[in-house]
Amino acid sequence: MNKLVKNSIRFILFILIQVFFLLEIKPLHQFIVPYVYFLYILWLPYNTPRMSLTMIGFIFGLTLDYFTKSPGLHAAPCILIAYLRPFLINILIRQEGSELNYRSPSITSMGFAPYATYIIILTIVHNGYLVFLEWLHFGSFLYFIGKVLATTGVSILLIFLTELLFFRKEKFRTNTA
Amino acid sequence: MLLGFGILNFKNPFVRNIFLFIRRYFNFLFFVILQVVALSFLFRYNRFHEAAFMGVASEVTGRVSERYTNVEYYFHLKRTNEALVKENERLNNLLPENFAPRDTSSRIVLDSVKIDSLEEYRRYRYYPARVVESFVALQTNYIMIHRGSSQGIKKDMGVISSQGIVGRVVNVSENYSTAMIVLNRQFKANAKLKKGGERGSIEWDGKDPNYVFLKDIPKSAGVTKGDTVITSELSSIFPPNIMVGTVNAIINNKSSNFYTLQLRTSTNFYSVFYVYVIEDLHREERKLILEATKNTQ
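Just so you know, the protein sequences line up as chains B and A, in that order.
Convert by adding 5 to the 1-based position in the first sequence; the result is the number in the working numbering.
Convert by adding 799 to the 1-based position in the second sequence; the result is the number in the working numbering.
If you're looking for bench data, these hints aren't it; they were derived computationally from the structure.
Cβ coordinates follow ideal geometry from the N, Cα and C atoms, glycine included.
One or more hints might be untrue.
Covered by chain B, according to a simulated footprint, are these stretches of chain A (three or more residues, beta-carbon under 8 Å) [said to hold, decoys possible]: (1) 831 to 844; (2) 854 to 861; (3) 874 to 882; (4) 935 to 944.
Derived EDC-like pairs: lysine to aspartate or glutamate, alpha-carbon spacing no greater than 20 Å straight-line [as the list claims (entries may be wrong)]: (5) A:K1086 - A:D1015; (6) A:K987 - A:E871; (7) B:K31 - A:E871; (8) B:K31 - A:D1004; (9) A:K1093 - A:E1078; (10) A:K953 - A:E1084; (11) A:K1006 - B:E175; (12) A:K954 - A:E871; (13) A:K953 - A:E1083; (14) B:K31 - A:D1007; (15) B:K11 - B:E175; (16) A:K994 - A:D1007.
Listed below are several chain A residues computed to face chain B (Cβ distance under 7 Å; list not exhaustive) [as the list claims (entries may be wrong)]: (17) N826; (18) T868; (19) Y1073.
For reference, chain B alone in the conformation it holds in the complex (with noise of 0.2 Å):
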């Protein structure tokens, strides 16, 4: 399939996945919110130009933002995420040239343990950043770090489980192609 119709099919999907399920979901306690749309930003292509990468941030956490009727509060830390993403991966990758031979990051073009390390990393940020961005307007020192940590745990709980539902096949590129 084409990556741009590929991953415009994503990006509908994560954000009403998000918007109509796991936002619907009655609270289990005030510090779990269940995010997990973020991903989105996690399994863009390798080769997307850094520029593009933060401009599909803003716009992929605006999107969410309008829907919250929060402007600004996802899209902030979705910016962040994905700027930081490139510096990560340049650190994380396995050997040379793995990011011209895979489209985008998964376990199989990083492995696994780097592929954990990527994502917890991300999740900590974004979820760190998005508290922090509420705990500016209300709430107590308390209340950041513990929903920080339940969110965190909630989001890679869930980040697994879209792993293993929708295991995405990286065919090896050689440079023939």
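Following the hints, put chain A in place on chain B, whose structure we already have.
Then chain A, alone, in the frame of chain B:
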């Protein structure tokens, strides 16, 4: 790489260097610009509830959500019907036909008054609306309703359901409007105890979506668990005597003379599908005189 500001060589103050800097760190600058834009959206919205493209965006998100709720409605029809029947029953009981004068031989006759001062005028007008989107999982929760400026909805109108208060309209587009619900950290409304009439303000602490708090109730008030709390006459958005909730717990702060009451909300925010938007026909007048009073100080 991330923050190498050393490139600004101040010994060669040429404009070229600035351009080189911009070109080299374009990604970083672009990131900073977008962050500033996003944060300005956020802080502006939290203060004034105005945001760029909010009108256009709510038309689009409203239409998407409407599709979704159209499906969801079928699963809630039973509950909606029950609520409507209950409300009809309450309203039917209020009809003047239900009441007969005690003494049929006597009549109230008005004399000498040319202007009928007993005639009532309309103070509040109700508009029905359907909820197309609602959240309770966040700290700032909003609902979106399928009525907008072309149907007469304006900013700061009150929103109630058949069970009790719901929220306040904060943003209006052509066919949709968004309302901040009681379960929003920024929501405030005036309410009173039905029994004694002591007034306080309604707030939510962001923790449990089943409970809100009524603050500043004097300790002299005789409050017991289960007492009803209704909107007060001071409220600028709701008509008086609309149900807010029932007292679930009394929090006794020993350092002050006031109780904080934990209320169980009468409205079930998970299953509110039809609401009424209330227009206060005296609102403009109230606002004008309030502003005039402020200006004299």
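Results for each hint:
1. 831 to 844: holds (count 10)
2. 854 to 861: Three-residue rule met by the region 854 to 861 of chain A, so holds; n is 4.
3. 874 to 882: violated (count 0)
4. 935 to 944: holds (count 7)
5. A:K1086 - A:D1015: It is violated: about 25 Å lies between the C-alpha atoms, which goes past 20 Å.
6. A:K987 - A:E871: violated, 30 Å
7. B:K31 - A:E871: Status holds; Cα separation ~16 Å.
8. B:K31 - A:D1004: Answer holds: K31 (chain B) to D1004 (chain A) is near 17 Å, not above 20 Å.
9. A:K1093 - A:E1078: violated, 24 Å
10. A:K953 - A:E1084: Holds, at roughly 15 Å.
11. A:K1006 - B:E175: The given pair, whose Cα atoms are some 43 Å apart, is violated under the 20 Å limit.
12. A:K954 - A:E871: Roughly 28 Å separates the two Cα atoms, so the pair is violated.
13. A:K953 - A:E1083: OK: K953 (chain A) and E1083 (chain A) at ~12 Å, within 20 Å.
14. B:K31 - A:D1007: Within the cut-off at roughly 10 Å; holds.
15. B:K11 - B:E175: holds, 14 Å
16. A:K994 - A:D1007: Violated, at about 26 Å.
17. N826: holds, 5 Å
18. T868: At about 9 Å, which exceeds the 7 Å cut-off, the nearest Cβ of chain B leaves the hint on T868 (chain A) violated.
19. Y1073: Violated. Min distance 18 Å.
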